[in-house]
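Visitor: Please model the complete structure; the sequences and the hints are all you need to start from.
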Amino acid sequence: GAVVSQHPSWVICKSGTSVKIECRSLDFQATTMFWYRQFPKQSLMLMATSNEGSKATYEQGVEKDKFLINHASLTLSTLTVTSAHPEDSSFYICSARQRAGADTQYFGPGTRLTVL
Amino acid sequence: GNSVTQMEGPVTLSEEAFLTINCTYTATGYPSLFWYVQYPGEGLQLLLKATKADDKGSNKGFEATYRKETTSFHLEKGSVQVSDSAVYFCALSETGTASKLTFGTGTRLQVTL
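Chains A and B, in that order, give the protein sequences. Residues 1 to 116 (our numbering) make up the first sequence, in order. Residues 1001 to 1113 (our numbering) make up the second sequence, in order.
FYI, nobody ran anything at the bench for these hints, they're computed from the structure.
List of simulated lysine-lysine pairs, BS3-like, C-alpha gap at most 27 Å: (1) A/LYS20 x A/LYS41; (2) B/LYS1077 x B/LYS1056; (3) B/LYS1060 x A/LYS41; (4) A/LYS20 x B/LYS1100; (5) B/LYS1100 x A/LYS55; (6) B/LYS1068 x B/LYS1100; (7) A/LYS41 x B/LYS1100; (8) A/LYS41 x A/LYS64; (9) B/LYS1052 x B/LYS1077; (10) A/LYS66 x B/LYS1100; (11) B/LYS1100 x B/LYS1052; (12) A/LYS55 x A/LYS66; (13) A/LYS41 x A/LYS14; (14) A/LYS64 x A/LYS14; (15) A/LYS20 x A/LYS64; (16) B/LYS1100 x A/LYS64; (17) B/LYS1068 x B/LYS1052; (18) A/LYS41 x B/LYS1077; (19) B/LYS1056 x B/LYS1100; (20) B/LYS1100 x B/LYS1060; (21) A/LYS55 x A/LYS20.
Guide: Quick look at the structure:
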């Protein structure tokens, strides 16, 4: 149980275009979803926390107008990278928490974004 | 702020060798501590956790003890297998922070026959 999927698993796009990444909790309802970014050989950096039905909370230094997060249902959150540039190329990972107060997050397999 | 420091990898061991991956942390409060594992091509999976000082988390033969006095949470396994080859991440979450995780940089383990 507690499976989280991401789609797509990888995407290549041209500079200036927007890319949407989906994160789904397949067998549970997620009150909270988290979005991380992982650079090569570096740790996961939390970008934002999203609660179903409310605005996402962004970490310091993360541009909310560039990384649009929508958590429209208890099983789906989306991250849209708007006007992507090569420096946005990275590995984006989502996770989901089953209920408020739980300290365990379930992670998706990640999405590799390459911006040409 | 919070931080987690892990030993740099890669760590290469022969099968049945003893494993230790060091992890130390800095936190202002009383964090919960975690080890996550990422197998090739897969997402991070929770391996074990400990929520208070002196707790020992264990799973699949791996163990880690929450040492408040040394602010450490070292991962150990007595006899590794080839199937343990993966990247291991130490992480913490602090009470009252909506369970936001702070990760270490990860340590790649390669186990050979």
